[in-house]
Each structure stands twice: as structure tokens, then as C-alpha cells.
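2 protein chains.
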Amino acid sequence: MAQKPSIPKGTRDFSPAEVAKRDYIFETIRSEFKKFGFQPIETPSFENSSTLMGKYGEEGDRLIFKILNSGDFLRKADKNALTEEDSNKLATSISEKALRYDLTVPFARYVVQHQNEIEFPFKRYQIQPVWRADRPQKGRFREFYQCDADVVGSTSLWQEVEFVQLYDSVFSALKLDGVTIKINNRKVLSGFAEVIGESDKLIDFTVALDKLDKIGEEGVKKEMREKGISEDAISKIEPIFKLQGDFSEKLEGIKAILSSSETGMKGISELEFIQKAIENMPLKTASLDLDVTLARGLNYYTGAIYEVVAPEGVKMGSIGGGGRYDDLTGIFGLKNMSGIGISFGLDRIYLVLEELNLFPETVTQNTKVLFLNFGEKEALYAMKAVRNLRSENVIAELYPDDAKMGKQMKYADKRDIPFVVLAGDEEMAQKKFTLKHMKSGEQLVLNLDELIAKLQ
Amino acid sequence: MAQKPSIPKGTRDFSPAEVAKRDYIFETIRSEFKKFGFQPIETPSFENSSTLMGKYGEEGDRLIFKILNSGDFLRKADKNALTEEDSNKLATSISEKALRYDLTVPFARYVVQHQNEIEFPFKRYQIQPVWRADRPQKGRFREFYQCDADVVGSTSLWQEVEFVQLYDSVFSALKLDGVTIKINNRKVLSGFAEVIGESDKLIDFTVALDKLDKIGEEGVKKEMREKGISEDAISKIEPIFKLQGDFSEKLEGIKAILSSSETGMKGISELEFIQKAIENMPLKTASLDLDVTLARGLNYYTGAIYEVVAPEGVKMGSIGGGGRYDDLTGIFGLKNMSGIGISFGLDRIYLVLEELNLFPETVTQNTKVLFLNFGEKEALYAMKAVRNLRSENVIAELYPDDAKMGKQMKYADKRDIPFVVLAGDEEMAQKKFTLKHMKSGEQLVLNLDELIAKLQ
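Taken in order, these protein sequences are the chains called A and B. Numbering of the first sequence is given in the working numbering, commencing with residue 1 and proceeding in unit increments. Numbering of the second sequence is given in the working numbering, commencing with residue 1 and proceeding in unit increments.
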């Protein structure tokens, strides 16, 4: 019985034009990654569940897609879980593998597993899909690509500088001028919590602060109060909301606030290093801005925190983010391996390029010329020319059937093929081809060399 | 607690060199696909189970990886299956999605689902991973890529011709000269079964015949006997084993055998068409051969059947295969949509290129030059040059830390970076760079433009 075909919610089919545009973004990112000395790795789509579980918090664990064991999986099932109908408990006994949730944990696993084959510092990039059982909504999918570049094995701040340059280079190469690379430092955030006397509420404090863009100053204060942060503390951070000016001016502003915090001052000196280097090596099209409210899943990051936002006027959240993490591989037993990395949000970058009409026209260009089919003899004559064109890198096709000419022309039109070739008895006798431009209707009679030259 | 990291059996991590080599194969195949007018599509990694189940036979169904429903999956579980501990029955009630098993069924689903957006004939290619819960063994993996090109919507034999040319073009582009493209036709196989009076045993007959390479003539006859094919019938096909000579001579040979079978003669005329066309348009480096024992999962194919084998002397099974199928989309309710397609076996092609040393050296080339790091001032001087080199497409890196020079040199050596740059006070004063070739030890003192020119 015929089934009405569909795909699982939160997943997507990509048409030829969509694949071409996505490939253009991937290729641009990949090319810059390579220029900066990053090397590609790939890891399996599914990992042992033990590799992934417990690495993303309780909520993350719930969003991991689990793969059912093959064969008679109930034979090894947890009998208690079965009688109690406890899905969670049963899952661990009937599922050993799970689809990767991000590229970071598999990367950490890779580094530890292959540590003896790797030269550190190790600069790797990875462009692969990840899967999350999130509730699908506009712009949020259950299968999507991540494009990550990371370095592990060095604490040098030159890497912080390099990632700013990498963001700038990728977005400049994509002709997406005017993005803002926001930067912050975990140590500055820790410093804030310290000077207001709420170090034990660091997370609540930064989670609230991170929402300044969305809920405004009053909203942030309200949330801080709800989390039990004292009025006294809140009044002490008042100056954070009042920060004004360019990078240097804001930096001066927080210096005054953080002067008593060693950690905070360390964060400031790191930010200064980066700012000075970028001043000495100006960015191509992006701007670097200090955003002391930026946190991005703070627990993860230990130093620099990045977030990239689209040019002014484009309504789109972050199109990239990252930061330094000091102990990523520790969970797999390899200590003291500092890392720093950034990620590009493919789907959002796609939407921004689409909105600003920045995809080059050539990206979706397909077949350049369709040879019409007038019968077996004519088709052979055409195929010989098609073969020659292809070896000269011209995308050429023969319409496979000797259908009515109107049908063949309509096909060329619908597929946006710019040229057709008509070659019947007359052309064959003279070793010629009639080339017709679909839009203008202009026709030229050419020999093979002229045809190749014209279409190249 | 630290876990000893590993990956699921049958899956693989790919190192930078491996990814580079695989990408080279993908890129070469993709480039030829495009030249022939094929357009890319991508489909989700998992499909609704109902899309996949029942399409690959009982054995295939067992090899499909099923994804456990998220959340409290037992709530909707089949209670009878639970009490009976029936894994199969339970699976369908706790798993709605499954990882794709090949690219062909998802393609059929795509064509039916998007039939109103597609112009037929539709030439698509698709390069994505597939997953099978096969027992892992040498050269067989649970996750591997398929590279498929198909056309649906026309029965023209020019497509059969074009796929022969496509195979030739891809393997020629990979410099893998001398592959043999074997061709057969399902109608010829049906004709054989018909003339020996065993049409109802077509499958058993062809499955046995397909093994001629492996088990020899006596082995094939023995298997046929075991399957109940009569001695009389077996003696009638004797001439098949005796076929000699080139494509035309073998074709003459089977013409004599099949003269009484209309179906068989139709198959012969199709093969003749292809042979004549290829004679008129000689292949670049491959040869086309008739192999009347070729079956490749016969039930699937209705016309042409292809298989590509590596050049003589390389022990490797098929490195590609395909054929025509007349009713692929019928399972999803779209009738009369003939298709034909071929596939490339990435993993085997990789092994063949490795064995014959055919990967271009440039494929795994990484960073061209490492700037040594002598401190903050020197590093900034170096980074400025690195930045210039990168914009001229030279892969350049700064060693991130001002570690001992021996350590930095060792790093360049281990990573096979051909050049290092040393730039200290003296060079900085003169706006110069000392470029050292790692292998020869040769040193040059250059200004920035000379450095760029030298490394480009």
C-alpha cells in the first residue's frame, strides 16, 4: 500500500539550490579555517552513550537521541525498569549508543583517545551535523550542522586574537560586512560577583546580567532580587549598566569597578592584550566590541567569551560564539589541557545572507546548455559535443528523449538553463550547431570550437 | 570519574590526513557529477520508520538502526509486547524514527514528496553517510558514505550511455586508469531463465550464476542443482560458461542462445545500443565489458546492471555499481517513474588509491610556514606577517607560546611544516624575516614581499 511520504518533525530536505547555497557557506568557512592552519577531523555520528551522557546537564541529557540496541534488546533489559515502567532506567539498558549532541564533547573524546598521535597545540576544525530532541520551532531544528574551530594545548592569548581575526576573515569572505564581534571574559564576571560580595551567586548573577539586551536594566535587577542578590550588591553594580563609549573607555570604566579584585583585573589585562593586538592589526570588515554582560553558558568558559551578531538592521540573534575552556578533556582523564574555540551558526548565517541578498549568483548556476533531442542519429551527434563541452568544464546535457520540441524547450526554461542547442540534418551536414539564448531568443550557428569558446 | 574513551564498534574517527584524502575523492566525484548536470539534494539522517521498514527485505529491516522515542517512551509502549518481552513488537511502539540505510529509498521518498517542485527528468546526486547494524569486519563499517547519482523520469537509453561515461570520467579524474565497467541487463538474465524453461526460478538461477567469479562453473552448477534446476536446463545454459572474446563477440554468443526469447532479445538490443554509442565516443581510461553473470540484487533492477572493478592486479571487490529500476517511487504512490542510478564505493576507492599511491601529494599539505615565537613584541611582528600571508592564501601560523626554540622547531618538524620563520630584534630592525627550509636547513633573509613571493 502506498504511504504518503513525509519526514520527521524538526528535520529538513534540502533542494539543489539550498544545498548549493549551504555548500557555499561551508566552503568559505572551510577555506578560512585552512588558511589559519586548522586541520579537519571527523568523528562518528553516534558515540557510546557513556561518552555523551552527563556532559550537558540534566536538560541536555533529555535532548540526546538514543539508539535502540539491535536484535533482541529486551534480553539484556533491566527487568525492574520493565516492571516499574521506568523509561529512564530502561533506556540505559536497551540503548548503548546515542547521536552526538554537539562537536565539542566528541572532540574532547578524540583528543584524549588519540593524544599520542597528536602534536600539541592541536588546531582542529570540524563541520558535521548534530542532533537534539528539542521542540522544533522557527529556526530550531532537530538535525543541524555545527562548524567549529578549536585549539587545545596552549594558554597563549595570541589564540584569542587569532579567533577574532578568523571571525573577521570568514564574514569578510562571505561579504557579510559590518558584523560585531562581542567579547567578554569570565574573569571579569567573576570579578563583578566578587566585588559586590556575591561570589557564591556567580551563576545567578551572570545569567541575569546576560539578559540585559532582552529584558533591560530593570528586568535584570528584578531577576537578581528574585535570586536573592542583596540590594546593596545590586546598587554596587549600578556602574556596569552605565558603561559608555568605545572598547577602551568601557575597559577604563570596569577597571574602576574591579580594582579590588585580582581575578577581575586579570580578566581586564587579557581583554587589553586582545584589544591592543587588534588595534595593531585592524580587522577587515568586522568591529570588536566589549560586552561585559556576555556570558553564554558561563560554566563552560574560563577566559575569553565571544559572540558575533549580524550587521545592524538585521534581526537575528547570535550568528557565532565561543570562548576559552580550561579543562574540557578532564572529563576523559586528560588534565591541564586548555582549549579555546569558536562556532559558526550555519542556519542563521544562511538566513542573513538570504535576507541581504549576498549569495553570489554563480552559486546556484547549474546546467549551462541543453542539447535538444531530435532522434537517435542527432542525439549521437549532440552527445559527442556534450562530451567535449564537459571536458572543457562546461555543464552540458542532452535531453534524453526525442520528445516534442515544445516540451524540451519548456524543460530548459523551467530549469533555468540559459542556452539550448538545436542540431538537425542541416547542422550535421555542415558540422555546425545552432545555439539559442533562451532569454533573448538570439541564435548563432557555430562550429564545435566556437561553441565551446562561447559557452566557457 | 575519568572514563577511558572509545567509539562504538564499526565506527571510525578520521584524522586530518584521512579527512583530506576522503575530501579529495568526494570533491572529484562531486565535480564530475556537476559537469554531467546532476544536482545535489540532501535528506535527513533519520526518516520515519515507516519510510524505511519493509523496503530492504527481512535481513535489511534487522540492520536498520532505530531511534528510541524521547521522553517517557514507555507510556505509549505496546503493553502486550512488554509482558511477552517481544523485542520486535515493542520496538515499533517505542521507536518512530530510524537512521537511513541507503540513499535510494530516501531519494524515492524525496521525489514523491517534492514531485510538484521537480522538473522531470530529474538528475540528482547525493553524498551522505548511511548506517547499518551489520557485523563489523575488515572494510565493512556501521557508518559509511554513499555517493549516488540517479536520473528519474525517462526511459531513454542515452542515460545508460551517460552513466558509463560518468564512471569513466570520475575514475579518469582520480587517475585510477584501467578500471573495468561491467555491464549486463536484467532482460538477458530473464531470457536465460526463459529459454532453459526455469522462469519461475529466475532468482535462484541468477544468484547462482552471479557467483561464477567466486565458485567457478562447477560450483555454480552444483548450486543450481541444489535449488532444483533441472539437469536439462543446466545443460542448456552450458554455452553461457563458454562465452569468449570481446563485447561484440560475447553479444553474438548470447544472441544465439536467446533468439527464441523476446525479453532476452530486447536486453541484447539495449546492450548493443550502449556498446555502439561508446564505440562512437571512446572512453578515456576505462573499458566496458559485457558480463552476463552480473546480477547485483536482481530484484531491484529491471534493465541495465553495472559493476565497476579495480584495475587488474588490485585485489578489491566492486568499487561501484548500479542499474535501472522501473518502479522505485511506486512504494510511495508515484507510478511509472523509471529511474537509473549508480553508486561509488568511497571506502574501497580510498583503499585502491592508497595501494596504488594515487593521492596527489598536495592533498594532505597543511601549514606552509610556522613563525617562531620569541616574545610578545616579536610575536606581534610575526602575526602581522602571518596575516599578510593568509590574505595571499598561504597557510601560515604563529607558534602560540614563546617556548624554547628547540621545542618550537620540533613541533614544526613533527607536523611536517616545510618552512619556519625566525624574526628577532635584528630582523625587526631591518624589517626582514629569516626563512628557514626545514629539510635542507637553507636560510634566506627576506622582506615581506619577498617572503610572500617565496611561499606562494
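Some hints could be false.
Intra- or inter-copy, both count: the list cannot distinguish identical chains.
Claimed, not checked - Heads up, simulated DMTMM-like pairs for lysine to aspartate or glutamate below, C-alpha to C-alpha not over 25 Å straight-line:
#1 K407 <-> E378
#2 K407 <-> E119
#3 K201 <-> E84
#4 K221 <-> D23
Think of the hints as simulated: they come from the structure by calculation, not from any bench.
Results of checking the hints against the structure:
no., hint, in the structure
1, K407 <-> E378, "within (17 Å within a copy, 69 Å between copies)"
2, K407 <-> E119, "between (60 Å within a copy, 11 Å between copies)"
3, K201 <-> E84, "neither (39 Å within a copy, 52 Å between copies)"
4, K221 <-> D23, "neither (44 Å within a copy, 52 Å between copies)"
Violated hints, listed in ascending order, are 3, 4; each of the other numbered hints is respected by the structure.
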